[in-house]
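Input sequences plus hints: build the corresponding full structure.
Those protein sequence lines, which keep their order, are chains A and B. Quick note on our numbering: the first sequence kicks off at 589 and runs consecutively. Quick note on our numbering: the second sequence kicks off at 266 and runs consecutively.
Note that these hints are calculated values from the structure, not bench results. Errors might be hidden in some of the hints.
[Claimed, not checked] Derived DSS-like pairs (lysine-lysine); straight-line CA-CA distance at most 27 Å: (1) Lys271/B with Lys690/A; (2) Lys277/B with Lys679/A; (3) Lys967/A with Lys387/B; (4) Lys691/A with Lys302/B; (5) Lys679/A with Lys271/B; (6) Lys302/B with Lys407/B; (7) Lys987/A with Lys974/A; (8) Lys302/B with Lys271/B.
[To be verified] Which residues of chain B face chain A? A few of them, derived with a C-beta cut under 8 Å, are: (9) Leu283; (10) Pro287; (11) Val289; (12) Pro300; (13) Ile304; (14) Ala305; (15) Ser355; (16) Ile396; (17) Gln398; (18) Ala421; (19) Ile431; (20) Thr437; (21) Gly447; (22) His449; (23) Ser453.
Keep in mind the model is a prediction, meaning the values are calculated, not measured. All residues carry an ideal CB built from backbone N, CA and C; glycine is no exception.
Listed here are the chains, written in short residue letters.
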Amino acid sequence: MSEIQNKTNHADLAEVFNNDEARVDWHDETLWWIRSKRDVAVNKISNWEDLRETASQIKHNVLSNLSSYLQQFESNALTNGITVHWAVDAKEHNQIVLDILKKHSIDQMVKSKSMLTEECHLNDFLEENGINVIDSDLGERIVQLAKEMPSHIVLPCIHKKKEEIGELFHQHLGTPAGNADPQFLTETARQHLRDTFLTRRAALTGVNFAIAETGEFVVCTNEGNADMGAHLANVHIASMGIEKIIPERKHLGVFLRLLTRSATGQPITTYSSHFKRPNKGKEMHIIIVDNGRSIQLGREDFRNSLKCIRCGACMNTCPVYRRSGGHSYHNAISGPIGSILAPNLDMEKYADLPFASTLCGSCTNVCPVKIDIHQQLYKWRQVIVKNGYVPAAKTVSMKIMDWTLSSPTAYHTAGKAGRFVLKYAPVIVNNKLNPWYKHRDMPEPPKESFGEWYKKNRNN
Amino acid sequence: MTSREKILSDVKTNQPDLTTMPDVDFLLQEDVDVPEKFIAALTAIGGHVIEVKDYAAIKAFIAENFQQPSRKITTISQLGDIAEYIEDDSLAPHSLENVDYTIIGSDLAVAENGAIWITEDKIHTRVLPFISQHLAVTVKRKDIVPTMHYAYNKIASTDYGFATFIAGPSKTADIEQSLVLGAHGARSMTVFLIN
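Here you go:
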């Protein structure tokens, strides 16, 4: 998709996605259907709001005491026989993974879903260093075969039609051309990946929760791919961001109740696996990664984004995400949560993302850990403008706006001109050159401004 | 300064003032018809619940429903006459590649989501419940708790090297959100609910 590679901002990428209107409608409806399933599941829990509030408070406590919890987790994990590594950034994380593999002369690894490794571009790095990586989550395997990024953190290939997946499987796995039956394609992947699981000596998984009290970590999947990889390999590497810590095992009761109901409307994932000690004769490694998170922790307005448990509910509900697709966010984590996390990593590169929102607040309403996502989007806009990273088109219009609003004469003239234009020559604003006008109708212009009306009527 | 020291120092500098840890015990809310809710929840996610009186009834069910020659494994001594009985961790994980049917035991099930708690000592080889084509678990009716909060109250201080909640068969909906059972783990899950 060279058309996509040349574009780097949300509006342009969304435009590419919107070339196929039928697909946009389908994408929109599919995600809204998942959002509706979430509502059904949530409404069955009478104390859902208590759960959200409790989860939010636990996460606040975690962030406020993170340095102690990290040390407590490390100390318990070491006692459990797990090797603990620390990585300041993506580069160091990737190097640690490579070093572990090299130490064991391993050049093939199976990997279950880990958004952190997407953030670190681990696969590219390992491939460059002669390590073959196979993603074992079906959706991730599909986007890997298509040489694309996941477009959604929970549903990596939600943007793909089954016919396209059938074609990928035909090319790469030798299935009959034209077969796009999900049951058949899933069975093919099962057979193909079973061989992978049985022959890989190293497996990498993500971490959903890391428990300070016990030094164990929990990995949630529906497919069973994390467990198949980890239990059949000699070396299990688990990568986690520093914010994955929760204080006590019993807190999992709160988070596991919230996670999948918010994500897909399921009551729980099929597998919620608790890894505490390596199996006899095997190695277990944990890599604790910062990669900008400690900076976000210091940003008072944005630190709450670190409470995220990666359920994806904010994406499924977002009217902009649903109609622009995950790839338009040009970041490993897309949607509303990606838009408040990404500017922390690179404010210039991701300056467009906080503007890819209507600020409707639906993301905040569904967030299971009560992150004020839409308010952070609004605050990021101000930070980005103050730092001079505002998208070029917006800079010009905002400068004009600033001048207009600071000069009474200009303000009144502009008002008159606006009303004149809308009345007699609407095409000047209603045209293809004005992106704001797309899919919008301009209001009927008022006959006079409030100022003019007041002047005329104040004597009456 | 090592990476560890740098991360811990940056976190300590930037973390906000300490906030209090909320109580979670108030979320323990008693419920009625707990076993029925468990059956409904597990059935809704693609599992099967068979209510039985004793192990003899389980044997009869398996004899009737899994007649084809296949490799069956159990970690329950009472079922040792109908399946290969495993009592320790001596089997290599890869040797379980061709297992068709596995029967294991559990002491804890959760009504709200159909999840069954399985600890390493109940399976001996960690990969067993995942690599087997089909999975069956025995649970006593009295061991079903209403919610995850009750479950974690029971297991909060227990020790294990590995443990997992399993809720239904392995599944995926990654292709156009079409639900397919049997992704990488067991294709089916049967719970024998012992009255």
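query = Which hints from the list above does the structure break, by number from lowest to highest?
reply = The structure breaks hints 3, 4, 8, 12, 13, 14, 15, 17, 23; every other hint is satisfied.
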